[in-house]
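Asker: Sequence:
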Amino acid sequence: LFRQSGCIRLHFYGILLFVNLILTSQSDQLELTNQTLKAELERLGRGLDSARRREEELEAELRESSLEAESAARGRDQALLEVARLEQEKEALQGQLDSQRREQRQREREVARLRQQLESTASALEHSNQRACSLEAEHRSGQRLAPPSTRDEHKQPP
189 LFRQSGCIRL HFYGILLFVN LILTSQSDQL ELTNQTLKAE LERLGRGLDS ARRREEELEA
249 ELRESSLEAE SAARGRDQAL LEVARLEQEK EALQGQLDSQ RREQRQRERE VARLRQQLES
309 TASALEHSNQ RACSLEAEHR SGQRLAPPST RDEHKQPP
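The sequence shown begins at 189 in the working numbering and counts up by one.
There's no promise every hint is true.
What the hints assert, rightly or not - Using C-beta positions, here's what the derived DEER-type ranges look like:
#, residue 1, residue 2, range
1, Arg242, Arg262, 27 to 35 Å
2, His199, Arg234, 49 to 57 Å
3, Gln266, Arg293, 51 to 59 Å
4, Gly283, Glu307, 34 to 42 Å
5, His199, Leu229, 37 to 45 Å
6, Gln282, Leu302, 26 to 34 Å
7, Gln266, Gln304, 29 to 37 Å
8, Asp237, Asp265, 37 to 45 Å
9, Glu279, Glu256, 57 to 65 Å
10, Gln305, Gly283, 57 to 65 Å
11, Glu270, Thr309, 55 to 63 Å
12, Leu313, Leu285, 34 to 42 Å
13, Ser308, Gln288, 40 to 48 Å
If you're looking for bench data, these hints aren't it; they were derived computationally from the structure.
Yeah, the Cβ is synthetic: ideal placement off N, Cα and C, and Gly gets one too.
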């Protein structure tokens, strides 16, 4: 019995060693898993911090871009207003130009009419002048041929 009890004891110590070995192995494995998980957690934490910083940077860029877009929209609106104003001014000036051109054509027609009238008047005056000169020449030649008493009759009293 004693011998059996020694055997059992040996067997028991063997089982204890085996359980201890298994527990040690599992403990080591758990420690390794724990360390791996801690490292992964730290890596994920750094990634999260980096992602948050990037998110803040992107939000700042978005705000800046929004401000630039608003400024560009205001600039565009001002440019459109300026274009509309210039178009109106152009139309007004085009109307004035058309009116001045019509007036110019009217003046040119009036000048042409007056020039023609002047030429006609000058021609009529020249014709009348020639006729008067001719009549005067006839009158003088007629007075030379007529006796002196007749010449005095044509003279008008002073």
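Asker: For each hint, tell me whether it holds in the structure or not.
Answerer: Now the hints, each set against the structure:
For the pair Arg242 and Arg262, the beta carbons lie near 30 Å from each other, so the given range of 27 to 35 Å is met. For His199 paired with Arg234, a C-beta distance near 52 Å keeps the hint of 49 to 57 Å intact. For Gln266 and Arg293, the Cβ-Cβ distance of about 40 Å falls outside the hinted range of 51 to 59 Å, so the restraint is violated. Distance hint check for Gly283 and Glu307: the Cβ-Cβ separation is about 36 Å, which falls inside the suggested range of 34 to 42 Å.
Judged by the Cβ atoms, the range 37 to 45 Å given for His199 and Leu229 holds: they are separated by roughly 43 Å. A beta carbon spacing of about 30 Å between Gln282 and Leu302 agrees with the range 26 to 34 Å that was offered as a hint. The hinted window of 29 to 37 Å between Gln266 and Gln304 is violated, with their beta carbons roughly 56 Å apart. One distance hint, 37 to 45 Å for the beta-carbon pair Asp237 and Asp265, holds here, with the actual separation near 42 Å.
Take Glu279 and Glu256: their Cβ atoms lie about 34 Å apart, and the range 57 to 65 Å is violated. At roughly 33 Å, the beta-carbon separation of Gln305 and Gly283 lies outside the given 57 to 65 Å, and the hint is violated. Between Glu270 and Thr309 the beta carbons are some 56 Å apart, a value that agrees with the proposed interval 55 to 63 Å. Range check, Leu313 to Leu285: Cβ separation about 40 Å, and the 34 to 42 Å hint holds.
Between Ser308 and Gln288 the CB atoms are about 30 Å apart, so this pair departs from the stated range of 40 to 48 Å.
Violated hints, listed in ascending order, are 3, 7, 9, 10 and 13; each of the other numbered hints is respected by the structure.
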